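There are 2 protein chains.
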Amino acid sequence: MGATPEKGKQKHLVVFQPSGRRGYIDEGKTIKQASRELGEELEGICGEKATCGKCKVSIQSGFFARYGIESRMENLSPIEDSERKFFTKRQELDGYRLACVARIYGDVLVFVPEESRAGKQIVRKSITERAIELKPAVRKYYVELVPAALEDPRGDWERLQAELNSRFDLGQLIIDYQVLLGLQKVIRQGDWKVTVSVWMDREVIKVEPGLVPRGYGLAVDIDTTTVAGYLCDLTSDEVVATDAMMNPQVIYGEDVMTRITYAISKEDGLQSMNRAIVKGVNQMAGRVALQAGIKRRGILDLTVVGNTCMHHLFLSIDPQYLGRAPFPPSIHHSLDIKARDLGLKICPGAYVHVLPIEAGFVGADNVGLLIAEEPHKQDEMVLAIDIGTNGELVLGNREKLVSCSCATGPAFEGAHLKYGMRAVPGAIEKVEIDPDTKEVRFKVIGNAEWSTDLEAVAAKGICGSGIIDAIAQMFKAGILQRNGRLNTDLETPRLRVTGDGPKFVIAWADETSISQDIVICQDDVAAVQLAKGAMYAGAKLLMRRLAVDRLDKVILAGAFGTYIDKESAATIGLFPDCALENIYAVGNAAGDGARIALLNVDGRREASEVAREVEYIELTLESDFQRQFAQAMYLPHMKDTFPQLKHLLPKKVTG
Amino acid sequence: MGATPEKGKQKHLVVFQPSGRRGYIDEGKTIKQASRELGEELEGICGEKATCGKCKVSIQSGFFARYGIESRMENLSPIEDSERKFFTKRQELDGYRLACVARIYGDVLVFVPEESRAGKQIVRKSITERAIELKPAVRKYYVELVPAALEDPRGDWERLQAELNSRFDLGQLIIDYQVLLGLQKVIRQGDWKVTVSVWMDREVIKVEPGLVPRGYGLAVDIDTTTVAGYLCDLTSDEVVATDAMMNPQVIYGEDVMTRITYAISKEDGLQSMNRAIVKGVNQMAGRVALQAGIKRRGILDLTVVGNTCMHHLFLSIDPQYLGRAPFPPSIHHSLDIKARDLGLKICPGAYVHVLPIEAGFVGADNVGLLIAEEPHKQDEMVLAIDIGTNGELVLGNREKLVSCSCATGPAFEGAHLKYGMRAVPGAIEKVEIDPDTKEVRFKVIGNAEWSTDLEAVAAKGICGSGIIDAIAQMFKAGILQRNGRLNTDLETPRLRVTGDGPKFVIAWADETSISQDIVICQDDVAAVQLAKGAMYAGAKLLMRRLAVDRLDKVILAGAFGTYIDKESAATIGLFPDCALENIYAVGNAAGDGARIALLNVDGRREASEVAREVEYIELTLESDFQRQFAQAMYLPHMKDTFPQLKHLLPKKVTG
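Chains A and D supply the protein sequences, listed in that same order.
Residue 1 is where the first sequence starts when you use this note's numbering, and the numbers rise one by one after that.
Residue 1 is where the second sequence starts when you use this note's numbering, and the numbers rise one by one after that.
None of these hints come from the bench; they were simulated from the model.
Some clues are possibly wrong.
[As the list claims (entries may be wrong)] Under the rule of at most 35 Å between Cα atoms (straight-line distance), these lysine-lysine pairs were calculated in the DSBU-like manner:
#1 D:Lys54 with A:Lys89
#2 A:Lys338 with D:Lys651
#3 A:Lys345 with D:Lys135
#4 A:Lys295 with D:Lys89
#5 A:Lys338 with D:Lys566
#6 A:Lys279 with D:Lys566
#7 A:Lys266 with D:Lys185
#8 A:Lys295 with D:Lys338
#9 A:Lys185 with D:Lys279
#10 D:Lys345 with A:Lys185
#11 A:Lys89 with D:Lys279
#12 D:Lys338 with A:Lys89
#13 D:Lys345 with D:Lys430
#14 D:Lys89 with A:Lys89
#15 A:Lys266 with D:Lys651
#16 A:Lys193 with D:Lys338
#17 D:Lys266 with D:Lys430
#18 A:Lys140 with D:Lys135
#19 A:Lys266 with D:Lys430
#20 A:Lys345 with D:Lys295
#21 D:Lys279 with A:Lys345
#22 A:Lys338 with D:Lys430
#23 A:Lys193 with D:Lys135
#24 D:Lys651 with A:Lys345
#25 D:Lys266 with A:Lys338
#26 A:Lys279 with D:Lys651
#27 D:Lys135 with A:Lys338
#28 A:Lys279 with D:Lys185
#29 A:Lys89 with A:Lys56
#30 D:Lys651 with A:Lys185
#31 D:Lys266 with D:Lys279
Treat the numbers as computed from the prediction; the structure is a model and nothing was measured.
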């Protein structure tokens, strides 16, 4: 991506985060110009006249070893008054600039905040339709009180408590201290008629004047790369608003290990990452509340799932011990913590329920998957794969469950590939290649049909599901060999061998909006091989642990679980042999688990029970992990056979 | 007190707080000089050379209607560099000055902070010896853990929890969120050996590395005028340190009604008063911790008693509804609130237990008295009187308890009397008058004997117990008539009639350190009559409610309960007839109650039960309160007879 610096011309390295796009840009160009050259999509509606303020970016200061870059504010033209009016004081301190104003005079690492990313409105963490029995932790009760009188000198709280007990059989209630502070006023505002929100039939967490029947809760899935939120009506099971965003911690590291390193090596590293995610969840809560037409403080309950590292960072717990043997987390159990103690700006008396974690990096997100998919209640041998920056696998049935985690890198999320991008409009999400002609058809997000119609959205890059399709199709068409090498003997203009290795053209420049050919290069294939190899090896070692040699069912979950083509996934060998009809893509099951825990307290109990039962396998300690991993890098595998998938695979593989 | 301004000379009104001493002072004099003229005692050891910094005072700004004073910093000479070095930034903002430097050029209200008050080291809120069964809410447990290993990947908390459960049968424990945040570090600091503090066998509130056997708790009694604290060892029942201070809220009003008015009329009135008491309790916690040689954060439990208004202000609950019919409090029940949520800087995970309140102004202090004295477990008809700025009475036995409260004003605490002062060295605490010669003997705090020896501490004023003695003795000697008027017909140089009414000299100028005669004037007598009349009327109305006509036992409790002479109290008619041997002075029973609740959880339960059982009588609504009050203003009463106290009273009364 981008060009390497040419002699005689002053160029500087520019890296955009969280996309990871980078390249060398001529001195004096604006960040906005750089973004166009590198395929980074920034908002902006004023034609770069510094009048709309939509292209805000934040310059990260310091030395970033990952990119070999010393990024400094001084590497840009000085801030101008025309920019300042768009920034808060805080933003100015955080190094905010307008991309259309700031000119490049040195290397810079540019963070693009959620609101400045073009295409942000389409999010692919959609919800799965699930029937969830309604049994929420927070319930609302309306009561009419007898006003205080000289003959009845009870305190306001005792009056309310007695009424709740006699009308709704809520004995032994306590009241949140902050709610108590406002109780007198609310009771009198409501003319002695109030609506009370009670948590777990135990504690009053909110009192509102008059009758306020509806109550809302937010289920949040904090993945390493993305965060998804589902605002639910607690009195129906309706999802009233959804939202997703990049995890704002990505600027501190793209995977769990780099974030742990950041927490260890920087004095306030943990605090910075904690503040970032808390702020992010607060902003998300604000957005879903706005969508639903309620106040953020009207969110009465919040559940959280996430892998162990995300869990620790969200709770502001030092993750350093997660990073080295014997990898003990601080806590496994679920937690109920006051929203205000976590800095969350929902209803201040509300509790945040953090689902329990398993072990290692197999966290509450995987517990969410378990209570959503319930392999522990099935007879079949189920392999559940949660595909994200960090892959998590669970294998088992009602007898026993084992789990492991593997570092897959962000390839499946479209990041760090030559033309990789997130699953937003303009991304190629499906690919078909004719095995004979090697001609390519593709579908772009934003278009209903497979089309290259001029009216349609043009391609800008390729997202996770698109890359899996492309690799699978290239393999089936003989463009890729079993070891992942591009077959340079083929006679097709789409295959191109240049100084930096062979490439295969998926989209010609005139089919794109970036006026460049969109290609898959050898490095892109290798990134996918590494990711899928780790997954496959993990699955194999789990099967060995349970002494099983076949899978009855495979569940694909995670950020792009809904969008992945299961045939393509099977073709590249993401998991061992399984009949195609028994492979299910279930979307964001972790988020579904958070939603189940939000709407049903039995789900919380089940989560705690199942989390305790799962046995965790530390892959890197297994005797022949390296050998298994190396074999699994092959397409679909170096040695294993796939009798149930025979019809999908090239003959020479299945033979 | 002090002189009224004379013509031709520029004088300014100076008021000292919390004593209430005031007077007109010549322009240009220092505050220290003013303090001497008005009998206010300020610290200072450098001879007013601005080198010891001990005479710090704080100038209150604004208009204070109570004193008719517009107090401003500009009414003093400008602050000098010699002063500044003694102040923190915060103190400078709070209007701090050195009294020996600041000169008076206008009216000022001067607050004398605790540390600048001379004689502060002697505090009369002493503790009563009580055997308290040790059953504290917070217990400490020492455990040695098996370090984490690959074969045992439990979380740190689960490891600790399992060990506490197996060793001490502590199932279902939870852990404070803040403690969880530090758990990993503490466990490793202690090399997997830790001491755990557990609250109510339910929640871990602190974890310390290694073995730390001792634990401490603080019992706090917040009275309208004074605050007392007792630091107790939770592993023995030893009181390891005590402290007392003026309630820092006195600058906002001297009794509960003026504080309620302040909360209503000032926008941040409630917040100011809450901050003042929280800061005061924090400072007190710091002082007792220092005495005991521990850290303030080592205080693991804290119990609080106080009247309803003090209770509300401590909790930052708006007291406005307490001030008008039907006077409902916000809450009666006891509360357990995290110290950090209240802004208390003891162990951050600790809970503060606030004892339950009864009704009206009969608060947790009275509940403290009840669990300390246990009238609800007795057959005798007991009248318990808690004497403070606000008087609280409970009458009854195991059958039934009734209570009431009455505004007594601060006379019993030595405030707002012509030569009144707190019970500190130099205060006359006992008085005897020869009925024939009308000659006076008195005892001064700081001296072991009744003495006017030149070596002894000279008198500076008269405190609460001294004034009650004086009134009783003057009455018995015929110097006071039954209606409280000074008998001006007597032939004694101690009786002096001047333009502002008659006075009786208790100490001659040469027996004092203030070179003035210490006198009791007609207004002083009236203040005591009002206070004791309210108490007596309250007791009568409680007796009427229970339909009893005699008392078996009278308990005198409160700030000066230990020091009051029960004969004198009976002589002036503080309560209805009762045999002298059945009158007990028990000291600070409210504080004892706080100590019982600190050391014994059954005491907390008993407090909740007894608080619910007491019936509260609103005196001002009783049909003939005014008539009862008027009759009770007489010495000892207009109509009632005192057959059991016959031997104490002048013949014409008992006849």
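In rising order, the numbers of the hints this structure does not comply with: 1, 2, 3, 4, 5, 6, 13, 15, 17, 18, 19, 22, 23, 24, 26, 30
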